[in-house]
Amino acid sequence: MAIVSQSSKFGNIMRPTMAWVVGLVFFFPIFWLAFTSFKTDADAVKPEFLFFFTPTLDNYLNMAENYDYWRFAINSVITTTFATGFTLFVGVPAAYAMAFNPSRHTKDILMWMLSTKMLPAAAVLYPMTFLTKNFLGVFDTHFLIIIVLSLINLPIVIWMLFTYFKEIPKEIIEAGKMDGVSTWGEIKDILLPLAWGGLASTALLCFIFCWNEAYWTVRLTTTEAATLSKLIEGNRAPEGLFFGRLSAVSMAAVGPIVVLGWFCQKQLVQGLTFGAVK
Amino acid sequence: MSTKRTLPRLLQTPAVLLLLVWMLVPLSMTLYFSFIRYVLNSNRRPEWTTPSLSNWRGFGNYEYVLFNAKDFWFAVSNSLFIVGSILILTVTLGLAIAVLINKSFPGRGIVRVLLISPFFVMPAVNAVLWINMILDPVLGLNGLAVAGINEIIVGLKSLPLIGGFFQLWPEIEPISFRATQTSAYAVIIMVTWQWTPFAVLIFMTSLQSEDQQQKEAAVLDGANAWSQFRNLTIPHLARPIAIVIMIQSIFHLSLYAEIEIVSRGNGNKNLPYLIGEFASNNIGAASATGIFAVILANIVAFFLLRMIGKSLMD
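Keeping their order, the protein sequence lines are chains Y and V. Residue numbers for the first sequence follow the numbering used here, so the first one is 1 and each next one is one higher. Residue numbers for the second sequence follow the numbering used here, so the first one is 1 and each next one is one higher.
No wet-lab data here; the hints were simulated from the structure. All C-beta atoms in this analysis are idealised placements derived from N, C-alpha and C, irrespective of residue type, glycine included. Accuracy of the hints is not assured; some may be wrong.
Partial list, derived from the structure: chain V residues whose beta carbon lies under 8 Å from chain Y [as the list claims (entries may be wrong)]:
#, residue
1, P14
2, M29
3, V113
4, L114
Just chain Y, with the same shape it has in the complex (with noise of 0.2 Å):
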């Protein structure tokens, strides 16, 4: 009983209060993004339409022609949804392989896979350019920022993949290897109906991480594979100009991802902290 004496006027109205507060507070820039897209160029650097303007579509209608919108987003698109169908169909195997048959190399194996995330891209951009430009001549193209993306993406999939198989219990693989079920019919009938939550938030989160990933896809790219990083990335500095056309181009190009991004909350602790929290 001592308990409920500890929730207090405090708890019961000041901190919802505050939680809503702090909420809002963090979401403010990206309303105060949608907001501007819904200003004429021209309205949104005028204190006197801070709060209370005509709103138009214009900056959406016109997102084509100001910006060659539809080119970048097709970029993105593209590279986004290969780089994570080929990223899980390298990664399902081999996390299967390390949860379900680990040998005593199994974690030295995926602590390698990690470390590999730690290597600072500005550290091999030059020979990146030189081997896909001199070299191989794939620079700028689809298939380089899908195979690029994919190689960034591997580890943490796998390590994603690994702790779901993990939690699977290894009996249900045994009672059908009993039945005399192929390795395939394993994979196929009984790991993935099991598995299917964690594969389904595992692509996902790979998708968000592609979508925004800002280095390699703005380096690696002049105007073929060029995706919505680099369109943004290009417009840096409108000087107040375009604030109304640049916020309707950048709702576009965040607002799809971070709705998304709602559904894989929990998805998003287990995969970026490699199960060490649960």
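Please arrange chain V on chain Y, whose structure you already have, making use of the hints.
Here is chain V on its own, set in the frame of chain Y:
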């Protein structure tokens, strides 16, 4: 028996091979370039523009970067300043917010969604949004707010009777976040905004598993809220805090897009940005700096991997 072992190996081979190539090939090229004279343009010494062993320079590039390139130590200390500030801010804010929203209240789900949203915003958009629309000293909210305050002060000054009192108030100048030092603050602000949600999410997950019975016992023993927090919650969160610190160190040591967008050409730089600058001509120096960045990241990674490794197999 043999198929039982070969198949799992076969299944992980593509992943291992891909990552091996991805890590070894560019890194060994960086290592090689860091030991030779290699520039992209040189009228004086055209032979330096093609990578070749005959341009061997030994540790010359490293010496140049360490002792002659004036920006190196600035970039290192600035990298550490930016990462350190972000860590202190995100962990403190993250703890406070996680404790605040740990108990249920009306609309908790919505508050959680509002809070986590910044984490999913593309870094490029984050930087463009903050530096232009919020922090700009003239057109951003920063400038507009300061202009508003100044107008109020002018209004107060013209008041009869009490106006005299306000005569002493100076006009406020908005801070410009585009100078060398202040643009580092701008980067810290925007990255803190983006990563505090991550800390909150992890601390909250961990708080959910806190031993409630222990807490009740502490309350019965007359422990107040602060000593409960200090003696029970903080030790319980020690591990998540360490993980948040290390994961963020890895991400923020290679911070690039934000610096590029906020600070291009104004002198503010971190290690990755300095590498980018060198790489516009002096590949040797860029590579040597890159190797230093790898060493710095490895020091951090060493501790992180040891920590995660402990909890991996249980």
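Verification of the hints:
1. Among the interface hints, the one on P14 (chain V) holds; its C-beta lies about 5 Å from the nearest C-beta in chain Y, closer than the 8 Å criterion.
2. At a threshold of 8 Å, the smallest CB-CB gap from M29 (chain V) to chain Y is about 4 Å, leaving the interface hint in force.
3. For the restraint placing V113 (chain V) at the interface with chain Y, the shortest Cβ-Cβ distance is roughly 5 Å, inside the 8 Å limit, so the hint holds.
4. A cut of 8 Å between beta carbons decides the hint on L114 (chain V): the least distance to chain Y is about 4 Å, and the hint holds.
In summary, this structure violates none of the numbered hints.
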